[in-house]
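Protein chains in written order, with this note's numbering: chain A, 3 to 560; chain B, 3 to 560.
Honestly, I wouldn't trust all of these hints.
The list makes no distinction among identical chains, and a pair is therefore deemed to hold if it is satisfied within one copy or across any two copies.
[What the hints assert, rightly or not] Subject to a maximum C-alpha distance of 27 angstroms in a straight line, what follows is the list of computed BS3-like cross-link-like pairs (lysine-lysine):
| # | residue 1 | residue 2 |
| --- | --- | --- |
| 1 | K70 | K360 |
| 2 | K453 | K359 |
| 3 | K549 | K516 |
| 4 | K549 | K373 |
| 5 | K118 | K71 |
| 6 | K549 | K453 |
| 7 | K549 | K529 |
Since the hints were derived computationally from the structure, they do not count as laboratory data.
Protein chains: 2
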Amino acid sequence: MPEKYTIGLDYGTNSVRALIVNVAHGREVGTAVWNYEHGTAGVILSRDPNLARQHPADYIKGAEITIKKALVDAKTNTRGFKPEQVIGIGVDTTGSTPLPVDRAGQPLAFDKKFAKNPAAMAWLWKDHTGVAEAAEITGLAKKIRPQYLAKCGGVYSSEWFFSKILHCLRTAPEVFNSAHSWVELADYVPAALTGTEPPDQFVAGVCAAGHKAMWNANWNGYPDAAFLSQLDPKLGRLRSRLTARVHSIDRAVGGLTGAWARKTGLKAGIPVAVGAFDAHLGAVGSGVAPGALVKIIGTSTCDIAISPNHQSLADIPGLCGIVDGSVLPGYFGLEAGQSAVGDIFNWWVHYVQPGGKKPLSHADLDKAAAKLQAGESGLLALDWNNGNRTILADQRLTGLLVGQTLYTSPVEIYRALVEATAFGALTIINRFEEYGVKIDQVINCGGIAEKSPLTMQIYADVTGRPMKISRSAQTCALGAAIAGAWVGGAYRDFASAQKAMTGLKPRIYRPDPKAHLVYRELYALYKILHDAFGTRDWSGNLHSVMKQLIDVRNRVRR
Amino acid sequence: MPEKYTIGLDYGTNSVRALIVNVAHGREVGTAVWNYEHGTAGVILSRDPNLARQHPADYIKGAEITIKKALVDAKTNTRGFKPEQVIGIGVDTTGSTPLPVDRAGQPLAFDKKFAKNPAAMAWLWKDHTGVAEAAEITGLAKKIRPQYLAKCGGVYSSEWFFSKILHCLRTAPEVFNSAHSWVELADYVPAALTGTEPPDQFVAGVCAAGHKAMWNANWNGYPDAAFLSQLDPKLGRLRSRLTARVHSIDRAVGGLTGAWARKTGLKAGIPVAVGAFDAHLGAVGSGVAPGALVKIIGTSTCDIAISPNHQSLADIPGLCGIVDGSVLPGYFGLEAGQSAVGDIFNWWVHYVQPGGKKPLSHADLDKAAAKLQAGESGLLALDWNNGNRTILADQRLTGLLVGQTLYTSPVEIYRALVEATAFGALTIINRFEEYGVKIDQVINCGGIAEKSPLTMQIYADVTGRPMKISRSAQTCALGAAIAGAWVGGAYRDFASAQKAMTGLKPRIYRPDPKAHLVYRELYALYKILHDAFGTRDWSGNLHSVMKQLIDVRNRVRR
Numbered sequence: 003m004p005e006k007y008t009i010g011l012d013y014g015t016n017s018v019r020a021l022i023v024n025v026a027h028g029r030e031v032g033t034a035v036w037n038y039e040h041g042t043a044g045v046i047l048s049r050d051p052n053l054a055r056q057h058p059a060d061y062i063k064g065a066e067i068t069i070k071k072a073l074v075d076a077k078t079n080t081r082g083f084k085p086e087q088v089i090g091i092g093v094d095t096t097g098s099t100p101l102p103v104d105r106a107g108q109p110l111a112f113d114k115k116f117a118k119n120p121a122a123m124a125w126l127w128k129d130h131t132g133v134a135e136a137a138e139i140t141g142l143a144k145k146i147r148p149q150y151l152a153k154c155g156g157v158y159s160s161e162w163f164f165s166k167i168l169h170c171l172r173t174a175p176e177v178f179n180s181a182h183s184w185v186e187l188a189d190y191v192p193a194a195l196t197g198t199e200p201p202d203q204f205v206a207g208v209c210a211a212g213h214k215a216m217w218n219a220n221w222n223g224y225p226d227a228a229f230l231s232q233l234d235p236k237l238g239r240l241r242s243r244l245t246a247r248v249h250s251i252d253r254a255v256g257g258l259t260g261a262w263a264r265k266t267g268l269k270a271g272i273p274v275a276v277g278a279f280d281a282h283l284g285a286v287g288s289g290v291a292p293g294a295l296v297k298i299i300g301t302s303t304c305d306i307a308i309s310p311n312h313q314s315l316a317d318i319p320g321l322c323g324i325v326d327g328s329v330l331p332g333y334f335g336l337e338a339g340q341s342a343v344g345d346i347f348n349w350w351v352h353y354v355q356p357g358g359k360k361p362l363s364h365a366d367l368d369k370a371a372a373k374l375q376a377g378e379s380g381l382l383a384l385d386w387n388n389g390n391r392t393i394l395a396d397q398r399l400t401g402l403l404v405g406q407t408l409y410t411s412p413v414e415i416y417r418a419l420v421e422a423t424a425f426g427a428l429t430i431i432n433r434f435e436e437y438g439v440k441i442d443q444v445i446n447c448g449g450i451a452e453k454s455p456l457t458m459q460i461y462a463d464v465t466g467r468p469m470k471i472s473r474s475a476q477t478c479a480l481g482a483a484i485a486g487a488w489v490g491g492a493y494r495d496f497a498s499a500q501k502a503m504t505g506l507k508p509r510i511y512r513p514d515p516k517a518h519l520v521y522r523e524l525y526a527l528y529k530i531l532h533d534a535f536g537t538r539d540w541s542g543n544l545h546s547v548m549k550q551l552i553d554v555r556n557r558v559r560r
Numbered sequence: 003m004p005e006k007y008t009i010g011l012d013y014g015t016n017s018v019r020a021l022i023v024n025v026a027h028g029r030e031v032g033t034a035v036w037n038y039e040h041g042t043a044g045v046i047l048s049r050d051p052n053l054a055r056q057h058p059a060d061y062i063k064g065a066e067i068t069i070k071k072a073l074v075d076a077k078t079n080t081r082g083f084k085p086e087q088v089i090g091i092g093v094d095t096t097g098s099t100p101l102p103v104d105r106a107g108q109p110l111a112f113d114k115k116f117a118k119n120p121a122a123m124a125w126l127w128k129d130h131t132g133v134a135e136a137a138e139i140t141g142l143a144k145k146i147r148p149q150y151l152a153k154c155g156g157v158y159s160s161e162w163f164f165s166k167i168l169h170c171l172r173t174a175p176e177v178f179n180s181a182h183s184w185v186e187l188a189d190y191v192p193a194a195l196t197g198t199e200p201p202d203q204f205v206a207g208v209c210a211a212g213h214k215a216m217w218n219a220n221w222n223g224y225p226d227a228a229f230l231s232q233l234d235p236k237l238g239r240l241r242s243r244l245t246a247r248v249h250s251i252d253r254a255v256g257g258l259t260g261a262w263a264r265k266t267g268l269k270a271g272i273p274v275a276v277g278a279f280d281a282h283l284g285a286v287g288s289g290v291a292p293g294a295l296v297k298i299i300g301t302s303t304c305d306i307a308i309s310p311n312h313q314s315l316a317d318i319p320g321l322c323g324i325v326d327g328s329v330l331p332g333y334f335g336l337e338a339g340q341s342a343v344g345d346i347f348n349w350w351v352h353y354v355q356p357g358g359k360k361p362l363s364h365a366d367l368d369k370a371a372a373k374l375q376a377g378e379s380g381l382l383a384l385d386w387n388n389g390n391r392t393i394l395a396d397q398r399l400t401g402l403l404v405g406q407t408l409y410t411s412p413v414e415i416y417r418a419l420v421e422a423t424a425f426g427a428l429t430i431i432n433r434f435e436e437y438g439v440k441i442d443q444v445i446n447c448g449g450i451a452e453k454s455p456l457t458m459q460i461y462a463d464v465t466g467r468p469m470k471i472s473r474s475a476q477t478c479a480l481g482a483a484i485a486g487a488w489v490g491g492a493y494r495d496f497a498s499a500q501k502a503m504t505g506l507k508p509r510i511y512r513p514d515p516k517a518h519l520v521y522r523e524l525y526a527l528y529k530i531l532h533d534a535f536g537t538r539d540w541s542g543n544l545h546s547v548m549k550q551l552i553d554v555r556n557r558v559r560r
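Let the sequences and hints guide you as you build the complete structure.
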């Protein structure tokens, strides 16, 4: 019997990747990456530093180019490989990255009239133009629909679906009025590959809808029209034009169109799975399972766990999102994260540039910091240089370093920053467990997990738990390929597909008991700082210090 | 009538300086510096990082060389200058720098038997070998003589007279037992120049005795014998061999001996004033007066004010010392200080070395930081990298930086460190005023006051007060020379001598009202951090965080 393969299409911020894997064991046989050609490294910018858009043409062109190249790559690597052996496709994307579409489901940006209008493009996840609208949505929900916020960490973000759409309505009404509907990138790509139309027939992933658009089966889908109308009557009317077909990744959106089959060399009709966000499919590709926490560690982290949906689960304060089926069918998908990890180390290396004439690189610092013992520096830091996503859900928090003397070295500070992110990671694990989501194992993936043994060892020592590393370096694309394998019929159940196709690296970082004891003491001190500066539980007014500094800064800079 | 001159002899940590000034207006006509020849840059070190000693031979040789060279320099600079025109000498030294002496007042180190014994040398101010003894003295005084501590900031320091002597008694009994007495360097030099002996006839400066040896006229001089005996009976017996002649700098110790006159070319018999510490005579040389605060700003600061001794003055909590006559006769000398100022900036420049391949120098940072506005960085720091001398009197406090983001630059951090020292300076000014010592003007001197306009402007902006700079760059030696002028009979009263011989630089740094308003806000936040981390007033347990970090560090390093 010939081998079977699937394709994972992974849409990142600057590029798209196609990954072809063998469905029997998940090994990668071919891959290709294509950098978006619009804007700066794929991102359309403007004078407004909050604006970040993408041209949807890059998504279509990118799929064609990377699929074709990955097939060539697979043929080169694997004797006898044939494109017809590809039995399914899965898609993961950034998000929330909504785009306005016309009645046929075509991006407005494809219309000449809007070809250069940034509001008609895809509103990239990191577009923050909707800050005011996010505050408005949060304020209204707090007042009249608190249940909407309980599942998304208590605050509706400027990065999310309705903040962006409402901002478009307010600032680019010509675009809003011309849009028949809005779709997430994660839903647009599968629809395009399968020729689905009109947009209210698109199949939306519950991952995007649930985590970013307050969709929940318990309240009949998206926020009710009355709520949306109170923000703006036009937004209320949009609701009925959003697709009601919302599913987990274990469903197929449809079959690959003949046109796409001809363009790429794939078989027409092979199923395309419902799309989801990169982190969620990254968790799938890392082997997320009940009791496992998957940490995707890069510039920031996304921490994903799941919990069986037949058991009741409390709203967990501070979590970014709790959505039934957003990671795996049959489970609540629980999303947490740290606003900065690698970005904090990058700040130290690239902004402060310590070390004199031979500035210290990440590698230098990793090596030197590994020689220090836990607690030896007398330093303690908070990992809030970019705010705190979980468990405080407060972007207006900032970094803190304490304990420096006249002899504190840049290596010691670097290690303290790594330790700070480990304490932040432990705080997230503890929060899961406090609310009944037991974490039996921690699986890491992403650049830092692969490249920094120092970080992984410190995470093990701080948490007192072994740190495992996902075998694949492309867990997001692999997760998408697993969804493709399931909808392609290669397995009887989703869990078997995932189990067969994922794995761990042989090296596991195990906690050093002596270091762990020291870190238990330091974590108690971290928690004192965390609560004093990050919560109002504290009786003093330290909780306002960071915010007042930001207020002063903004006033002075204005 | 021919001009009259005096000499100020200024004994620093690494070198001694002689300065010849014209008594009419204080202008400097000749100077010479000689680097001590023993040890490393004049300091005898050992494996114990706490040990720092000096060889007394350097003091004697240094006086001879620098006086002779300064006289040559004066002859070169000033037509008709003759050594006979020198009418008096004043002496300032580091301290507490006690040394053991024999029955004739000669340093034990001059005895062959002890020529290489570090315990027989002068115990330099920064020798910290007596940490345990300092704690013992503090503990006993707290229990049975709290009044002793009330005048010296509540804690008896390891840097001070009795800590060092008790440590010698415990660890080098052969030296202690051979010593007839112990004298401060500030008292030894005038005794040597005037041939005073035996040591119990030395005239001790009230500056050293009062600030470092708990001497106070109110309790009949040094701590009572019962107290000292409880520390060690031998220490109790030493008390009667310490000189009872303790005076302000307005007295002459005696006249220059014939031998010294022949060695130097000065007139025999010219009066030598009672010695005092560098900072105190620095304040005199800067023009300290009622209502003036003199800040001597270098690696750390010494902040000196005076208050009329006919008015009652409360014990001011946290001040390092309050001693009647220690600066000027007729006034309480009030000493405060910051444990690190320039040292914190040096830490950033030399230990962290930020800025990449072209590391940022002090000058680079000063220039770039001057372009930033108050509050613009969003940063706030505590100036405690070397502990806090005033007002918390707690060496186990450490640095803190808060507000950093992913874009915080090394220049912004540098400015935040400068601002932190300014907030520390303001806290000292406020403490003086809270206890009725009104500060009408602030006069700065020392390296940073001269070299860093950024620092001076920020001090003005933070405190809302003009920052004046002392005219002389050698205020300590100038202060000694003023004492020499007074004992030499050039003036009818001390204040007139000081007024005539001191002055200010023309440039005064005036507060920018806009910046001051911002800094008022930031200072309120600084005080929140200060009180939370530095005092027990705070209801949380933040006050223990820095200390616990130090405890962990010490335990791990051991």
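*Are there hints from earlier that the structure breaks, and if so, what are their numbers?*
1, 5 and 6
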